[in-house]
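*Asks:* These are the residues of each chain, in order.
There are 4 protein chains.
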Amino acid sequence: MTGGGRVDLRAPWAPIPPMRFFSDNAAGVCPEVMAALAAANHPDTAYDGDALSQSLDAAFSALFGTEVAALWISSGTAANALSLAAMVQPHQAVICHAEAHIQADECGAPEFYTGGAKLLLAQGAGAKLKPDAIEALAASLRQNVHQVQPAAISITNATEYGLVYTPDEVAAIGDLAKRRGLALHMDGARFANAVATLGCAPADLTWRAGVDALSFGFVKNGGMTAEAIIFFRPDLAAATRYRRKRAGHLLSKGRFAAAQILAMLDGDVWLRNARAANAAAAHIANAAHDRLLHPVEANEVFLRLTGAEAAALRAQGFEFYDWVPGVARLVCSWDQPAAEVEALAAAIGAL
Amino acid sequence: MTGGGRVDLRAPWAPIPPMRFFSDNAAGVCPEVMAALAAANHPDTAYDGDALSQSLDAAFSALFGTEVAALWISSGTAANALSLAAMVQPHQAVICHAEAHIQADECGAPEFYTGGAKLLLAQGAGAKLKPDAIEALAASLRQNVHQVQPAAISITNATEYGLVYTPDEVAAIGDLAKRRGLALHMDGARFANAVATLGCAPADLTWRAGVDALSFGFVKNGGMTAEAIIFFRPDLAAATRYRRKRAGHLLSKGRFAAAQILAMLDGDVWLRNARAANAAAAHIANAAHDRLLHPVEANEVFLRLTGAEAAALRAQGFEFYDWVPGVARLVCSWDQPAAEVEALAAAIGAL
Amino acid sequence: MTGGGRVDLRAPWAPIPPMRFFSDNAAGVCPEVMAALAAANHPDTAYDGDALSQSLDAAFSALFGTEVAALWISSGTAANALSLAAMVQPHQAVICHAEAHIQADECGAPEFYTGGAKLLLAQGAGAKLKPDAIEALAASLRQNVHQVQPAAISITNATEYGLVYTPDEVAAIGDLAKRRGLALHMDGARFANAVATLGCAPADLTWRAGVDALSFGFVKNGGMTAEAIIFFRPDLAAATRYRRKRAGHLLSKGRFAAAQILAMLDGDVWLRNARAANAAAAHIANAAHDRLLHPVEANEVFLRLTGAEAAALRAQGFEFYDWVPGVARLVCSWDQPAAEVEALAAAIGAL
Amino acid sequence: MTGGGRVDLRAPWAPIPPMRFFSDNAAGVCPEVMAALAAANHPDTAYDGDALSQSLDAAFSALFGTEVAALWISSGTAANALSLAAMVQPHQAVICHAEAHIQADECGAPEFYTGGAKLLLAQGAGAKLKPDAIEALAASLRQNVHQVQPAAISITNATEYGLVYTPDEVAAIGDLAKRRGLALHMDGARFANAVATLGCAPADLTWRAGVDALSFGFVKNGGMTAEAIIFFRPDLAAATRYRRKRAGHLLSKGRFAAAQILAMLDGDVWLRNARAANAAAAHIANAAHDRLLHPVEANEVFLRLTGAEAAALRAQGFEFYDWVPGVARLVCSWDQPAAEVEALAAAIGAL
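Just so you know, the sequences run in chain order A, B, C and D.
The opening residue of the first sequence carries number 1 in the working numbering; numbering runs sequentially from there.
The opening residue of the second sequence carries number 352 in the working numbering; numbering runs sequentially from there.
The opening residue of the third sequence carries number 703 in the working numbering; numbering runs sequentially from there.
The opening residue of the fourth sequence carries number 1054 in the working numbering; numbering runs sequentially from there.
Just chain A, same shape as in the assembly (with noise of 0.2 angstroms):
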């Protein structure tokens, strides 16, 4: 979950001006993208017809270092479900993580695109899936027609509480899906913050690892509204065009989504603008050491925090999440100010 439609707590009357920490898709777009729609505004051709767009799989390729197909894309979600659709067929399954985006904050949208396809739930600290928890969960199904049998494994990175899969991790849960012939999906609403936080290569943390598909998350990192599928089996690319356009997600003026996203992939901003959400995050959680709920290792921050407590820091104009009774959830965005950062540290510590 990443607080999807959560009640947003604000204290509407706040005399100081407020610092948002509530979620990351609550941040602006950064400049380069702000620059890049701007030089996309003249005619061209329509839907994805235009250079930006056909440049996509050849800026993806670069970045991965092998061949793939990519697709701008409006959202997360429809990135995800699209995804899932390209590999499930309406009969079959997923197995996700119980807390997983798609299973807990997309209003059902797998099944959606899927035609009914189910998600089976596994579990796992941190929303984060061991090969063993699959396993298990692959094992106690019965192999006959009267039950879904999964044809893919769908996994978030950063999870859905801000923990990283390593290549190491994917790897075991890639060789797992080879093995017993799944398709592997991963969700990189906030693949950036991974990057950041490992230094690996985006191949290493995808394709090498068994991953066929990633959703490339763009928004939460400083884009507008533009997300990117990344397929790195290209031929599931090709009904899944079919199917964007069927959505109502093949915009007529495509080549402002391919815009944003080439901006953010020119000099590596999706790097430089992770890089300075997660260190937000890192900030503070050094601040806030034992009240973590899980270790900080992308851009989100989930505290114990008791009803005083939080109040307490709203009253000193901090916004964001109550997660469940005691915990908290703060997100750094890729433009969080340092006075703010610097100012929920203290106030985290003076507790």
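The hints are simulated quantities; they were obtained by calculation from the structure and are not laboratory data.
Just so it is clear, CB atoms sit at the ideal spot from N, CA and C, and this is done for glycine as well.
Be careful, since some hints might not be right.
[Unchecked claim] Listed next, the stretches of chain D that the computed footprint assigns to chain A, with coverage defined by at least 3 CB atoms under 8 angstroms from CB atoms of chain A:
1) 1080 to 1089
2) 1165 to 1172
3) 1193 to 1200
[Unchecked claim] Calculated Cβ distances over 10 angstroms to all of chain A for the following chain B residues:
4) 378
5) 458
6) 460
7) 550
8) 587
9) 596
10) 599
11) 637
12) 660
[As the list claims (entries may be wrong)] Under 10 angstroms between C-beta atoms, here's a sample of chain B residues computed to sit facing chain A:
13) 377
14) 380
15) 385
16) 388
17) 426
18) 462
19) 464
20) 494
21) 570
22) 607
23) 623
24) 674
25) 697
26) 701
Given chain A, put chains B, C and D in place with the hints provided.
*Replies:* What follows is chains B, C and D alone, placed relative to chain A:
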């Protein structure tokens, strides 16, 4: 049909700058929209919880003079499909023209969003439905469980051939719909062009004439990525908000969609842009009088051209679609340079 | 169309016993089937694990002279829809005749089972598709993501108007299908009647002519509740077994379905029954010569009758459908009493 | 779960006739049903236009003491899925037990029929839902568009482990459902066994306790291929009649389905058969007292058995399922021979 995906027959070697008349989707974004995007670029609440998104209902209620529910959406295809899904059960049908965009250019989006409802196809010159044709189609159905029964009618205004339904013409269909218990949807990808031509109140062309839901197009008319669904029966919106999320169309930074729409409503930019496009088309039509396949009532011109004539125009730098053999489609955009329009009119006159 | 759900215009006050010619669905069950049901009435393995169900593949493989996968199924509608779902993705289409049962009489079953695929409608006299009509339809489609692309052709043999495709006619369509990469389905609700007329090997009318899947009808021909899906590409069966379960069509006492089918294959009861129905229809056709709308090649007779003539026949106790104004449909069943056939022939001759 | 498709561990070489306790689906058909099929074997109107089908509403309205709409259907899976589709939109959810048949044994039929609705899984001993568990699940959901919202509850009576909900227990769930605006469905594959145990009026266990739709099972209880869907809100039936056709479940010779059901209602054959099965299970339970995993309240017995003990029973000719390691499921049928029951009781006692 609006020519979705038709081959762009531009001469890539064109020695002179191309003059684009092949699609209003290819046009740029108007300055008011660009400015609004920049103005919206600060942190705010995610999804549609921001102030801009929350003001859409009021803005459109004011425009239409009645209480409506308004949702931003990324594409006309999604606007149409979500509107129809709000009106039609999976075992039912939509009556539309055989050349309607929803039938011919959306890759089955209505079938996807409705869960497999059928489109029942009627005929009519210029892709325009007349009550008689609808009645004849409805009367041909056996009213039993062996056939899908219609639950809605969908018309396109302006039509796929640039014809305009008047308020009276819509009302005649609205009456028929009410009498038969059918909902009425209007695909208004070029609604602005229709209103600009008619000079009527938007209300007269929609809810006062029996329309229950309108896909209100902004992208072809100067927007970037935002269309609107207008429900004149606001109760239809509740489920649609879930369906929009489920379809991956609830953008996480939705304020950038709302901003585009509000910028075009403000000061009637939507009408100004549409009038410009219409005027350009009218100018060309005047020069092409006896070649016109249909009266030019919006911003599209369908011309009879021999292959040699089409080649002659292309040699002069004009880009357009070969609609069917012997017929060309030329579309004028909100920002079509006057010089291009003059040049095209002259070139056609000189054929 | 087979007249699904058309109003039964029997005179309820008929002073003489009614003579039913309105549907072969209304006929009884042949004695071999009733005996087989009784013989199967002992405990056995559930679903399709019983010996009878397990023997279907072999029985049909022998009949068709090639290895097939055969599944019992409760209705022709389900047989058709499951066959098409095995061939067509949700974003694709099936080419069929505008009056095909799958289009006109199954309440959208193909759309339901395929997840919203489209039926693309071709024309042809007597609901019979010719290669030219299919080619013209296919050629009219733009091959891009804006339009659904066909993945299969479905033909009905005997057609909804009782015409029979010869092996050569099927092979011509099969060649076209192969050339265009389309699968070929045959709705054989009256396959038995077609084979009985043609006297050909079942193989010649199906897989040797390019058919990939056949809905093999038994119910209209003397069965009770069991039809068969025959996959000539046995690989198509694997997913269909899941889809059948998922659709609630995997009967828990499936042996009673298998028993019906095996009883009708045994000793060629299926051909005997079909020949009887065909002969009855031929007898009536002989008497009705210049009134025939179509040649009578199976067990259906379409007659031009004025309202007064229709009333006159009904007054004599004959029951049938008014197909469209001025046209009556009369269907002969496997158990149509000879006296009824004689009486009808005489009554028509006397009009 | 009812063990759908679990491996049948009969010894094929069994030197003595097998004694089948592995499924009531494996039982034969009771003589009243066979007689009714024979009696119905004459020409009649097709589909559900015949007199038998048309009398179902009245027959079940009499049984339940209120006006209901009743539809025959070929399987319990289809009965469940059609019932749920009448109550739940594609973007909504059904609350059920994690081991409910609709979740674990129907290959995703609810997802297929509802167009991708979710099953939300609650826990409870013996696959029995308690109001507290339902409340806790419902309360855990955020009520916004990011999560699917429940629209119905489904319970199974008798449960998948042979436990029976009393009228009061159902009413407690019915009250909860009404309070939360949820519909209530009962999977009554073994409804007869529950009523036979409770000795209550069928009305008390259903509509008087808040049930809106019941899947009323006949096949496990002596029928051949006919179950019934009972709508206590008859308005739910209208769309279901279309959905039934669309799913290929409107049998063309539907009178043979109606005949089975009417034969079992007549003279309370359904209760007589269920009482016999229950009594057999009770007899076995008496002998197996301290091995029982759950109280035996219907016709299923879940026993703790070591591998050696299970083998010992099988060596004596008893057939049953290994449910999970260390647990066997034994099911008694309506026609279980008394000698087999005695022998099994004795064999268990002698372990």
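*Asks:* With reference to the structure, classify each hint as holding or not holding.
*Replies:* Each hint tested on the structure:
no. : hint         : result
1   : 1080 to 1089 : violated (count 0)
2   : 1165 to 1172 : holds (count 6)
3   : 1193 to 1200 : holds (count 5)
4   : 378          : violated, 6 angstroms
5   : 458          : violated, 4 angstroms
6   : 460          : violated, 5 angstroms
7   : 550          : holds, 27 angstroms
8   : 587          : holds, 18 angstroms
9   : 596          : violated, 4 angstroms
10  : 599          : violated, 3 angstroms
11  : 637          : holds, 24 angstroms
12  : 660          : holds, 24 angstroms
13  : 377          : holds, 5 angstroms
14  : 380          : holds, 5 angstroms
15  : 385          : holds, 7 angstroms
16  : 388          : holds, 7 angstroms
17  : 426          : holds, 5 angstroms
18  : 462          : holds, 8 angstroms
19  : 464          : holds, 8 angstroms
20  : 494          : violated, 29 angstroms
21  : 570          : holds, 5 angstroms
22  : 607          : holds, 5 angstroms
23  : 623          : violated, 18 angstroms
24  : 674          : violated, 16 angstroms
25  : 697          : violated, 21 angstroms
26  : 701          : violated, 25 angstroms
Hints 1, 4, 5, 6, 9, 10, 20, 23, 24, 25 and 26 from the earlier list are contradicted by this structure; the remaining hints agree with it.
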